[in-house]
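Chemist: All chains should be built: construct the whole structure from the sequences, respecting the hints.
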Amino acid sequence: MDREGSFPPPVVFWEQTKNLPPTRTAWVKMVPTFSSSHARLFLQEIRASIPYPLHSIHTDNGSEFQSLFDQAVAQLNLTHLWSPPRSPKIHSHIERFNGVLQNEFIDYYVDMAIVEPLKFRQQLTDWILWYNTKRPHHALQLMTPYQYLVHLQKGAESLKCP
1208 MDREGSFPPP VVFWEQTKNL PPTRTAWVKM VPTFSSSHAR LFLQEIRASI PYPLHSIHTD
1268 NGSEFQSLFD QAVAQLNLTH LWSPPRSPKI HSHIERFNGV LQNEFIDYYV DMAIVEPLKF
1328 RQQLTDWILW YNTKRPHHAL QLMTPYQYLV HLQKGAESLK CP
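In this text, residue positions in the sequence shown follow the numbering used here: the first is 1208, and each later residue adds one.
Worth flagging that the hints you see were computed from the coordinates, not collected in a lab. Heads up, some of the hints might be wrong.
[To be verified] Think about it this way: if two alpha-carbon atoms lie no more than 16 Å apart in a straight line, the pair counts; the simulated EDC-like pairs of lysine to aspartate or glutamate are: (1) LYS1326 <-> GLU1302; (2) LYS1296 <-> ASP1267; (3) LYS1236 <-> ASP1333; (4) LYS1341 <-> ASP1318.
[Claimed, not checked] Just the calculated beta-carbon pair ranges, DEER-fashion: (5) GLU1252 <-> LEU1288: 16 to 24 Å; (6) LYS1341 <-> ARG1254: 38 to 46 Å; (7) GLN1309 <-> GLY1362: 27 to 35 Å; (8) VAL1357 <-> ARG1254: 40 to 48 Å; (9) ALA1281 <-> GLY1362: 15 to 23 Å; (10) TYR1353 <-> SER1270: 27 to 35 Å; (11) SER1242 <-> LYS1361: 37 to 45 Å.
No experiment lies behind these values; they were computed from the predicted model shown. We put the CB at the ideal spot given by N, CA and C, even for glycine.
Modeler: Below, the structure written as C-alpha cells:
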C-alpha cells in the first residue's frame, strides 16, 4: 500500500498477497487528508471486495499506516510488513502504478479535478475499472488483472482434490 501526493491527492493501494502471485489489481481512493482512519476504511473496503484471503499487507512508513490502520490490520489477522525508509524499490510495483496513474490519467484530467471534482472522481473510477478489466499488462502475459485473477482461480480449481 502506498499513497501518492500529487494534486488532487489520491491514496493509491495495490493488492498483493503472500501465497498468490500479484494480480496487479489496483484500487484508488481520493481522500481529503492522509490519515490512519481513511487508510483503515479503505483497507476494510478492499478486503470486503476481493474473493480470496489476504495474508499480509505491505506499506511504507507513513503515519497513515499506523494507529487506526495498524489496528485494522490486526483485526483482519494480517501481517503488517513495513518497508525501510527511502526504499522505493521494495514497492516497485506500487511506484510503477503511481507513475502510470499520473501519466495516463491525472496529467490529462488535472484541470477537471479543479473545476469539476465530482466528475473527476467518476472519471477516476472509470479509469481504474478500465485499468483492471481492459488494459493488458506485459507482466501478466498480456492479460488484464481481472483475466489473470480468473486464470489463477481456474488453476487453483484444477489443483483441488475430487
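Chemist: The structure should be examined with respect to each hint, and the outcome stated for every one.
Modeler: These are the hints, each one checked on the structure:
1. LYS1326 <-> GLU1302: Violated - the C-alpha atoms of GLU1302 and LYS1326 are around 26 Å apart, more than 16 Å.
2. LYS1296 <-> ASP1267: 11 Å, holds
3. LYS1236 <-> ASP1333: With a Cα-Cα distance of about 12 Å, the restraint between LYS1236 and ASP1333 holds, given a limit of 16 Å.
4. LYS1341 <-> ASP1318: With Cα atoms ~25 Å apart, LYS1341 and ASP1318 exceed 16 Å; violated.
5. GLU1252 <-> LEU1288: 16 to 24 Å: Holds: the Cβ-Cβ distance is about 20 Å, inside 16 to 24 Å.
6. LYS1341 <-> ARG1254: 38 to 46 Å: Given about 24 Å between the Cβ atoms, the range is violated.
7. GLN1309 <-> GLY1362: 27 to 35 Å: Holds, since GLN1309 and GLY1362 (Cβ atoms, about 33 Å apart) stay within the stated range.
8. VAL1357 <-> ARG1254: 40 to 48 Å: 20 Å, violated
9. ALA1281 <-> GLY1362: 15 to 23 Å: Given a distance of about 31 Å, which is not inside 15 to 23 Å, the answer is violated.
10. TYR1353 <-> SER1270: 27 to 35 Å: This hint holds: roughly 33 Å between Cβ atoms.
11. SER1242 <-> LYS1361: 37 to 45 Å: At 39 Å between Cβs, range holds.
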